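Asks: Respectively, the protein sequence lines represent chains A and B. For the numbering used here, count along the first sequence from 1 and bump the result up by 9. For the numbering used here, count along the second sequence from 1 and bump the result up by 722.
These are calculated hints, taken from the structure and not from any lab test. Hints are all accurate, no fakes.
Just so you have them, the derived chain B footprint on chain A, three or more residues with Cβ under 8 Å:
{"id": "1", "stretch": "79-87"}
{"id": "2", "stretch": "91-99"}
{"id": "3", "stretch": "103-109"}
Quick caveat: nothing in here was measured; it's all calculated off a predicted structure. Where a beta carbon is used, it is the ideal one built from N, C-alpha and C, also for glycine.
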Amino acid sequence: MVGAITLDDLTLGYDRHPAVHHVTGTFSDGSLTAVVGPNGAGKSTLMKGIVGALKPIGGRIDVAGVGRRHMAYLPQQIQIDPSFPISVLDCVCLGSWNRVGAFGGIGKDEVMEARSALAVVGLDGFEGRAVGTLSRGQLQRVLFARLLVQDASIILLDEPFTAIDERTCCDLLVLVKRWHAENRTVVAVLHDFEQVRENFPETLLLARETLAWGDTCQVMTEGNLIRARAMAEAWDEAAPVCDAGDMA
Amino acid sequence: MTPMEFLIDPFIEFAFMRRALAASLAISVGCAPLGVILILRRMSLTGDAMTHALLPGVAVAFLLTGFSLPAMVLGGFITGLTVAWFSGAVARSTVLREDASLAAFYLISLALGVLIVSSKGSSVDLMHVLFGTVLAVDDTALFIVATIATLSVLTLAVIYRALVVECFDPTFLASVQGRGALVHMAFLTLLVLNLVGGFTALGTLMVVGIMMLPAAAARFWAVEVGRLMVWSVAVAVVASVAGLLVSYHAGLPSGPAIILSAGVICGFSMAFGPRGSLWTRWRTAPHFVR
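If we strip away everything but chain B, and leave its shape as in the complex, we get (with noise of 0.2 Å):
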């Protein structure tokens, strides 16, 4: 085999590694540059939390109508959004901070998911929903990823300086914009809405793992934020080839082996990027007159 084969022929042969491709890809446009922003505003576990935050949702669309991808998605986008919003209103006008408005929200949301999904018996089908897999990827998913990943790069295009400098300086946002939360509210909007399109398409791991360890990476290597982002959507993109080929060859299942190439790059990143790494932190350079 040579190494074009190896990494060319896998796409080539089966239709549904181009599809996983194809929604790895979009998944990686769309949530890496959300992660660089949860992380510039501390809100790493944001993501992870919120996922549990959308099963009442996903729940409920599940019981309704069966195995429908768009209802399942709409559902989920109803609850993490009234979570996301409530947690988000009450952070800004009560004493309670975003974390733990949050945790408070999700908590509650998540109890009412195991509720409903346990008072109507049968969840074996609904857990596999849950954590899906990236193999078995259709082209009502596929659009769905895509449509998802496109809304939000427009949309972050859009927001994007208002959201840098709510971030950098909300006090200075307030005093010359006075609508700081909107800005906040729409980014909360955009993070529901790829995780839940990720998230019933591919599985939590999935979303959320592409969304923190490409952004988590990118730290190491860039500064600027736009550049951050370029760097976290280039990782993401490079983990899911390198995840499907692995997961293709190895014959090992095809979310995790995604998440770990991109936890191989991370680890290097920590080690070995020029930002801050261990290495910049460790290596005796001669230090410069000014």
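Isolated chain A, as found in the complex (with noise of 0.2 Å):
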């Protein structure tokens, strides 16, 4: 299946303590899933272990038919430093890496496709400003924008309306339907359960384990929210090793 996310029994930590502990299942091809549950309970870390900034302490992730090229990905943290010099037309045009690389020449084509990625983001004649002068919703739109041109096949969203305004939330979310209908993978992490069950037909309920991963539905239960809240958050220095790995 190309552009499905296969995990089996995956553990992903720090310092040998797990984030994501024994996750198994799969985020099949063309699938839009949220990814919901507490502060805490490994959703980013999943996201970093998908995109490969994080090696497994434990199991296999398998991305079938297409490699990292055909994945993007938005961090909850992201690390741009806004003091940078770089205008939101360079910004929105290194979506076309995958086409051009570190050393292709960016011409006429790649710069029309991030000019109409602006405007669909509804950032017309922001094309010259520079990055670090944007609101962060506005930033968010340009990353947005940036996805657009990455084309990728499947899309990793870490908490992408955290901190942004209903009216671009809104925008932004016919963007991810889009990308739905046009049959790419789409994994996004979220916190708003109203937003969930309105939008995202597969959800993944994390409290460092799965508590449930189906139909939104049938895993958004009140039985299940109430334990995802009670999952202990605590860091035990003394914790004992882990023996479910031996006996698989």
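Build the complex from these two chains, which are given one at a time in their own frames, with help from the hints.
Replies: Right, here's the structure in full:
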């Protein structure tokens, strides 16, 4: 299956302490999945693992058919340096990296594509502005424009609508739905349950371990959400070594 | 004396002035653009630290070969590269950040260098080399700095896009390319190459000064990275020419005169540059509608 992400007994973590613990399942090709769970549940860690920024400490991640080149990732903590002198247009043009690489020329086509992506996210006329002069919401629109240009078959969004106003959020959700209609695999970490219920057909409820994964209406039940809220966040320095891996 | 004679004569009359000019211009073209990247990465003090790190290699080469510039450049390059790569690799794979890891490695290297120099006695000659003078540039030195400047500009052109993206949004580069560290290492290699060439031929102050002061001045005149580099080279070139002329006519040491000229331009830029200078913060101009 092209564009499917399969997690096989996946454990991800820091300093041997698991943040994502023995998770197994599949984000199927063309699916639109919300990843939901309390703070510290391992949602961002899972994203980092899938994109390859964090090496699994157990289990495997299989991305079928497509390599990293066809994956686009919008992190939660963007490491963008706001004082860096780069224009909005240049930033969006970076989306064409997979086609032009580090050395290829950025021609009329790429610039046209970047301009139309900016128009789609409602930032016509912002081409020459420095990225550092934008508001948080405008910056998020620019990053979505870059995702549009990236044209990836797998799109990972880590809390894309946190600290974003309602109008921007609505505009960007339209893009997410458009990607879904175009049969791309989209995984988004979200906190707004209403938004998840209304827009995301599938949900992964994560509290370090999988609490539920499947159709949103079956996952987002009162009972499941209460179980998620009860997740122990404590990091136990004296935690014993997990033996679940040995049994497999 | 006509203004023309004032500006041109020293270079027509004296070969050492022509060589000094050529070497300073080569350093300007090679080093100033690297300074721009260092400032954007908040690594402004790296150049200074790195010149200290070169000492053991230069010292060993000096002790083995005597006064052979190519050997000292090679020795300095090897130690500088070791320090740069180790500190870069440690910063990227452990909890230590770039500044702390560089500080650790350059101090180790410097201590090693001092140990080598002092255990072998006669350090006077070596000290002369380390704080060399712009007016004593010979053909070999000129050839070395010119070669390095050429290599540096060409390499920078090749890695430019990846380097800029690595500074601006490293997560993005890692997600599309997965080899962000490689670009950083290439940049550090260029940095060491320029520092070691300039430092053995012209001295520490010259090379670090020409790297950082024009780049700092450029910040007040341009915004975009490419333009910052052009401005920094322009400032470095003007400072080189002005400094050499001042040193000739006033009988002052040339290296400090060049760096102080760059300092004067930098000071002026801080006060009156069109972008973010003191003047733009203090002036009261009517605001726009939107």
